[in-house]
Amino acid sequence: MKITLRVIGGLALRLGFTAQEREVPPGTTAGLLLADLGIGDPQTVITTRNGWGIAPDEVLEAGDRILVSPPFSGG
Amino acid sequence: MHGWMGQILRVDLTAKTWRREAFTEEFAHTWIGGRGFAVKLLYDELLPGIDPLGPENKLVVAVGPISGISAPNTGKTVVAAKSPMTGGYGDGNLGTRVTEKLRKAGYDALIIEGRAEAPTLLYIDDEKVEFLPADEIWGKGTYETNDWIYARYGKGAGVLNIGQAGENLVRYAVIRSMEGRAGGRPGMGAVMGSKLLKAIVVKGSRPIPQAFPAEMKVLGRDDLRAVHALDQKSGWSKQGTTGVLPWCNEVAALPVDNFRRTHHPEAWKVDGERLEAATVAVYGCPNCTMQCGIAMHDDRGRESELDYENMGLLGPNLGLFDIAQVATLNYMCDDYGIDTISGGGVLGFYADAVARGAAPGSLRFGDFKGFEAVLTAIAHRDGEVGDILAEGTLRAARAFGHGSEEYAMQCKGLEVSAYNCKFIPGMALAFGVSPIGAHHKESWIISYEIQQTPRESYGRDKAQKVVDLQRIRGGLFEAIVSCRFPWIEEGWGLEHYPKYFNAVTGLEWQLEDFWPSSDRIYALIKLFWLREFPDTDRKADYPPHAWFDPANADTEGPIAGKILEYDKYDSLLQHYYDIRGYDRRGIPTRETLERLGLAAEARAAEAFAALS
Chain A
768 MKITLRVIGG LALRLGFTAQ EREVPPGTTA GLLLADLGIG DPQTVITTRN
818 GWGIAPDEVL EAGDRILVSP PFSGG
Chain B
766 MHGWMGQILR VDLTAKTWRR EAFTEEFAHT WIGGRGFAVK LLYDELLPGI
816 DPLGPENKLV VAVGPISGIS APNTGKTVVA AKSPMTGGYG DGNLGTRVTE
866 KLRKAGYDAL IIEGRAEAPT LLYIDDEKVE FLPADEIWGK GTYETNDWIY
916 ARYGKGAGVL NIGQAGENLV RYAVIRSMEG RAGGRPGMGA VMGSKLLKAI
966 VVKGSRPIPQ AFPAEMKVLG RDDLRAVHAL DQKSGWSKQG TTGVLPWCNE
1016 VAALPVDNFR RTHHPEAWKV DGERLEAATV AVYGCPNCTM QCGIAMHDDR
1066 GRESELDYEN MGLLGPNLGL FDIAQVATLN YMCDDYGIDT ISGGGVLGFY
1116 ADAVARGAAP GSLRFGDFKG FEAVLTAIAH RDGEVGDILA EGTLRAARAF
1166 GHGSEEYAMQ CKGLEVSAYN CKFIPGMALA FGVSPIGAHH KESWIISYEI
1216 QQTPRESYGR DKAQKVVDLQ RIRGGLFEAI VSCRFPWIEE GWGLEHYPKY
1266 FNAVTGLEWQ LEDFWPSSDR IYALIKLFWL REFPDTDRKA DYPPHAWFDP
1316 ANADTEGPIA GKILEYDKYD SLLQHYYDIR GYDRRGIPTR ETLERLGLAA
1366 EARAAEAFAA LS
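Same order as they appear, the protein sequences are chains A and B. The first sequence begins at 768 in the numbering used here and counts up one residue at a time. The second sequence begins at 766 in the numbering used here and counts up one residue at a time.
Don't read these hints as lab results, they were simulated from the structure. Don't take each hint at face value.
Computed far set for chain B versus chain A, every beta-carbon distance over 12 Å [stated by the list, open to error]: (1) D777; (2) L811; (3) A916; (4) R990; (5) K998; (6) S1002; (7) A1017; (8) R1065; (9) D1072; (10) H1205; (11) W1209; (12) Y1213; (13) H1261.
Derived list of chain A stretches under chain B, where covered just means 3 residues or more per stretch with a C-beta under 8 Å from a C-beta of chain B [stated by the list, open to error]: (14) 796-803; (15) 833-841.
One side of the interface only, derived from the structure: several residues of chain B facing chain A at Cβ under 7 Å [to be verified]: (16) W913; (17) Q1004; (18) G1008; (19) P1011; (20) W1012; (21) E1074; (22) H1167; (23) E1171; (24) S1212; (25) I1215; (26) R1249.
The beta carbon of each residue, even a glycine, is placed where N, CA and C say it ideally should be.
Please model the entire structure based on the sequences and the hints provided.
What follows is the structure, encoded as structure tokens:
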């Protein structure tokens, strides 16, 4: 199934992309997606699905819009 | 006494006199420095009810025990006074060479009293204090003023100055320092202007007394390198704080059109990626190895240093999505010495009020030229509208009437920073209980709220998190006076800060030892407000009505149909008071004050209002 994935801030620099459509197997969790990106500890980033926080064990759904952000403490 | 210079410089602009005053070790250990010194001095010395723009108000410039030491992010200074915006305690911090120079001139704080007869430049150089004419730079913007000062005193001098906004008593005028640095949102620049004080220039050459200088030198050098290495790895400073803009847009927390909307399809045009691509220079505070002052050319080719708050509030909040135009408004704010957060808030409010027929004029969201003109009018208090808007959103709403106060995006009279909390209860609480009026620096709970707890919850954990963050950000960092960015953005642990503190003071404090000081500072700020507003109640800690108005709920997007609820917010607020030991009005109880060592201050407050 397809999801859209966006990474922002310094994380985009590290991962080498800012946005992509991505094919993931059904049953993929947010944690697995992060692991695929080389982010072993989900607590080191902020991950949202369609504008809402998503826990590492939550299963992704087709069409999800996932955004992964590095930690921020405001402007 | 190691770590502190042990002296305060008191300057009287009316009499053109000055004197040094020693403070005790007990004072130093109780109040630490920075905000702690500032609130204690202002509480003890200001009579309630004074005009914040009158000669009776005092401006405090205060640094902390690690200020100016060569260690990560120790280049900041706190500026504080009774706020012309709120009528309560006001402060802010900014990166400046004054931090190190003031210490090396022999002082941990500077108290400025009275009012000069004519525009004045206060010059401090070790033993010397001079009151110099500033007629040549009065009426000039902050950039030209800084250049004028650098030409005479050298680029290494510490400088604080104001632009036309401070001179014209725009209530949200800030104090500016080097390059894009600014501080003192609640009108500290207006306080300087009211004293006809155009600039402060500081030089100093004394050593800062340290308990273990050799150890501190190695520790500071290694840690500056370590933070730099972390930043190289994280890439944070490529976009600085502007990296957060697309996240706010995604989670429906971006201010768009005076906070009416929470996200916008064109927000990407003014985000960190666009700024990174347009970068022409990067600036930072002294002792910073992760510099975030990212500058681009504005639409007239001038260098404009952008961060998230000014990008959000001078961009989407005004319906503007051309980054060069945003940079232009930002440059103008910086040059006039207008706070970019309040400036953007006021402009957005005015466009909203015009659209609703509450205010005169033809300004519309997206009208860049219109915003330029209104901003210029504000800085000079030109015309009736410019004069009204120079008073800030709350006063402007009261002047315009027609129910416009309901969408004046402020708390306690200070405009909300660039986080739209229509459906973010904890962050709304953070704004509501911020001790200087709405500001994000005290407690940025929003990422915790989105990621680690149900967003819709009004649970006690959120109130606890606000308190925890206030202790760290508004207490520890504002008292030792250090930038918070290495902590979260680079993962630089809090355990490092007691190491610096102990190396310079010779004390053996653990991190936990700072929390009582932090709570003491917050409690005394509350007493400052209580003396000014004896009839205050918990409503003073409520965020703007627009975040509770069902008619203002989003109609599409992630939080469509959702809005804050008053009764639930009130219970969240009560959790906060319970954790802090405050009564139902939001005032520290006598028991809390005594526990924090504030019995004498409590007695002083009781002359004006009852304590529980």
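List, from low to high, the hint numbers that the structure doesn't satisfy. When the structure is compared with the hints, numbers 5, 6, 7, 9, 10, 11, 12, 14, 16, 22, 23 turn out to be violated.
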